[in-house]
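Enquirer: So the chains spell out like this:
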Amino acid sequence: MLVAIAGAVGALALAAPAFADVTAGVPGSGGGNSATGSAGSVQVGGGNTSGTSIGSAQLGGAPDLSAGTSQSTPAGGSAGGNTAASVAGGSNSADHSIGTVQSGGVSSGTSASASTSEESASVSAPATVGSGDDNTAGTSVGTVQVGGGNTSSGSAGTVQSGPVTATPTVNLAGPILALSDSLPVTVGGTGGNDASGSAGTVQIGGGNGSSGSAGTVQVGGSSGSTAAGTSPAAPAVPATTPSTGSTGGVLGAQHTAGAQTAPKGSGVLGAAARVLPYTGLALLGFVVLGLALLLSGGALIGRARTT
Amino acid sequence: MRARRDHATAGATRVAPARRRLGITVTLLGALVLAWVGTVWFWQEPFTALYAHVEQHRLAGAYEKRDAAYAATRTSLAAEARAYRLATRAGQPLGWITIPRIGLHAVLVDGTGESQLADGPGLYRGDFLPGEGRLVYVAGHRTTYSAPFANIQDLRRGDEVVISLPYGAFRYAITGHRVVLATDVAVLRSGDHEELILQSCHPKFSATHRWLAFARLVSVRRSARGRPV
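So the sequences go chain by chain: U and Y.
Per our numbering, the first sequence starts with residue 1, numbered consecutively.
Per our numbering, the second sequence starts with residue 1001, numbered consecutively.
Check the hints yourself; a few may be wrong.
Simulated restraints, written as ranges between beta carbons of each label pair [what the hints assert, rightly or not]:
1) Ala282(U) with Tyr1070(Y): 27 to 33 Å
2) Gly1176(Y) with Tyr278(U): 41 to 47 Å
3) Trp1036(Y) with Gly302(U): 21 to 27 Å
4) Arg274(U) with Ser1206(Y): 16 to 22 Å
If you want the ones that stay clear, here's a sample from chain Y, every Cβ over 12 Å from chain U, calculated [unchecked claim]:
5) Arg1019
6) Leu1029
7) Thr1098
Chain Y is faced by these chain U residues, among others (derived, beta-carbon under 10 Å) [unchecked claim]:
8) Val159
9) Thr279
10) Leu284
11) Leu293
12) Gly302
Keep in mind that the hints were calculated from the coordinates and are not lab data.
Using N, Cα and C, we set each Cβ at its ideal position, and we do this for glycine too.
With the hints as constraints, model all of the structure from the sequences given.
Expert: Laid out in C-alpha cells, this is it:
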C-alpha cells in the first residue's frame, strides 16, 4: 500500500507537464498536535500526541493529495490518468516511544484510461489500509502502525497494519469484444490490532490480538495469542470467487475456517475454545457419594451389632 | 481353649464400639452430603455463594472507582467500546448486568475462566463489548457462586436485559433460546451485527449441554461521561 501512495505522489511530478490539476490540502481533524519532550517528530493533521518520544512521525487528519492529467492524441483519441491519496482522521498517540511511525487509515486510488475512436481501455486500482480509528503506542520502541485502530502499549519492534483492501479493475471495450474484470483482494478482518506487552510482533490485517506475546507474526486478522512464539494466523487462500465478500479472510476468501475474530485471544495460535464456558455442577456424583456413605455407615453399624 | 475363646470375645467387644462409631460417623457424613445436595437442588450452593457475595462486593467497589475515573476520548461508540475492552484485564469489573425477570443485578466480570466466573457473570474474551456491533457473550453459573443464571430457563421473549458500562447503558430484549452441546463452540462466532447471548450449563446439574438465551439490542443510552472530552 505504501507503494501505491508513493506512486500517487510520484504521479504528481509526471503529471505536471500536461494539463495537470493538483490539489493538496490538510483539512485537519479539529484537534491539535502536541510533541512535548520529543525529538525529530513530524506530525501532519490534527489529534496527534507524542510526548517524550524520539524520532516519531505521525500522520492523521486527512491530508488529501490528488493529481490528474489528460492529453489528446493526433489520431483523435485521448489518454489520461488520476491518482489520489488520503489519510483518514483519528488521533495517534505515542507516549514514551522511540522511533514510532503512525498513520491513520490510508486510501489511495490510481486510474488510467486511453481511448481511440473505436476502442477504449481503463485500469483502476483503489486501495485502502485500515480505518480512521486511533493508534496508540505508549512505552513502545520501534513501532510502525498504519491503518488506525492499532494499540501496542509496552511493546518493542512492533509493526501493525489495519485490514488491507484493493480492487484492481480492468475494462476493455472494442468493436468486437468487451471485457471487464476485477479481483478484490482483502487481508484481514474488521477491527484493529492489539499487541500490548509484546515484543517483535508483526500484525497485518486488523482484528489480531497478541497481548503478552513475544515474537508473534499474525497475518489476516482473526487470531489471538497469549503465548510466546510464532502465530501464523489465517493461511493465505487464493481468491476463486471475486464476487464474494471479503471481510474475514485473506485474498478474497469470505471466511477462513477456524479463524473467528478473537479480540483478546483466549487460546494459543488462534485456536478457539474447545468447549463452551463451564458454568454447571455435576450434582449426580455428590448424590452417589452421599448414598454410598449412608449405605456404608449403615453396614458398619449393622456389623457392629451382630458382633 | 476356653482362655482363647475368652480372649477372642474380649477383642470383639472392643472392635464393636469402634465399628459402631465409625458407622455412625460415615452415616452422618452421607446425610450431610445429601442435605447439601438438597440445599443446592432447592436453593443454591451455599459455600460458593458466600464467596461470590464477598467477591461481588469487592468488584462493585472496584467498578465504582473505575466508573468514576472514566473519561471517554473516542468519538464513535464502537471505538469507545473497543478501547474500553482493550483496557480491561481478565477478572476486572466491566459494568453491571441487570435482568429483572430472574432478579439478577450483578457486576459483570471480564472473562469466562473458572476464577472469573466464580466472581460473577463473565464476558467471553473472544467476543466483543456492547456498542461494538458484534456478538456479546455472557456466561454465568447456574447452581454455584450465587447462581446468577439459575433461572435462565424462565426468560421469555421480550424480557429486558440491561448492561451498564461507563460509556453507556445497553438495553436488550430476549428473542429466544437454544440448547446446544458443550462442544458447540460455533455459537461463539460473532456475526456482523450486535447480539447478546446469555449462557449457562444445562441440564441444571450437568455440564453436557449449554442453555443459550439470545437477545437483540433495543436501545443505547450513552452516559454523560461516555461522551468525548
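Enquirer: Answer holds if the nearest beta-carbon of chain Y is closer than 10 Å to that of threonine 279(U); otherwise answer violated.
Expert: At 5 Å from the nearest chain Y Cβ, threonine 279(U) passes the 10 Å test, so the hint holds.
Enquirer: Should the interface hint for glycine 302(U) be scored as holding, given a Cβ-Cβ cut-off of 10 Å against chain Y?
Expert: The hint holds - glycine 302(U) has a Cβ within 10 Å of chain Y, the shortest such distance being about 8 Å.
Enquirer: Take a quick look at arginine 1019(Y) and tell me if its Cβ sits farther than 12 Å from every Cβ on chain U, holds or violated.
Expert: violated (4 Å)
Enquirer: With 10 Å as the cut and Cβ atoms as the points, is leucine 284(U) at the interface with chain Y?
Expert: holds (6 Å)
Enquirer: Against chain U, does leucine 1029(Y) keep a CB gap of more than 12 Å to every residue?
Expert: violated (5 Å)
Enquirer: Could you check if leucine 293(U) really has its C-beta closer than 10 Å to a C-beta on chain Y?
Expert: holds (3 Å)
Enquirer: Does 41 to 47 Å hold as the CB distance between glycine 1176(Y) and tyrosine 278(U), or does it fail?
Expert: violated (23 Å)
Enquirer: Starting from the hint 16 to 22 Å, judge whether the C-beta atoms of arginine 274(U) and serine 1206(Y) obey it.
Expert: holds (18 Å)
Enquirer: Decide, holds or violated, for the assertion that all CB atoms of chain U are farther than 12 Å from the CB of threonine 1098(Y).
Expert: holds (19 Å)
Enquirer: With respect to the beta-carbon atoms only, verify the hint that alanine 282(U) and tyrosine 1070(Y) lie 27 to 33 Å apart.
Expert: Distance hint for alanine 282(U), tyrosine 1070(Y) is violated at roughly 40 Å.
Enquirer: Quick check on the hint: valine 159(U) CB to chain Y CB, less than 10 Å?
Expert: violated (18 Å)
Enquirer: Is it true that the C-beta distance of tryptophan 1036(Y) to glycine 302(U) lies inside 21 to 27 Å, as the hint says?
Expert: At 25 Å between Cβs, range holds.
When each numbered hint is compared with the structure, violations occur for hints 1, 2, 5, 6, 8.
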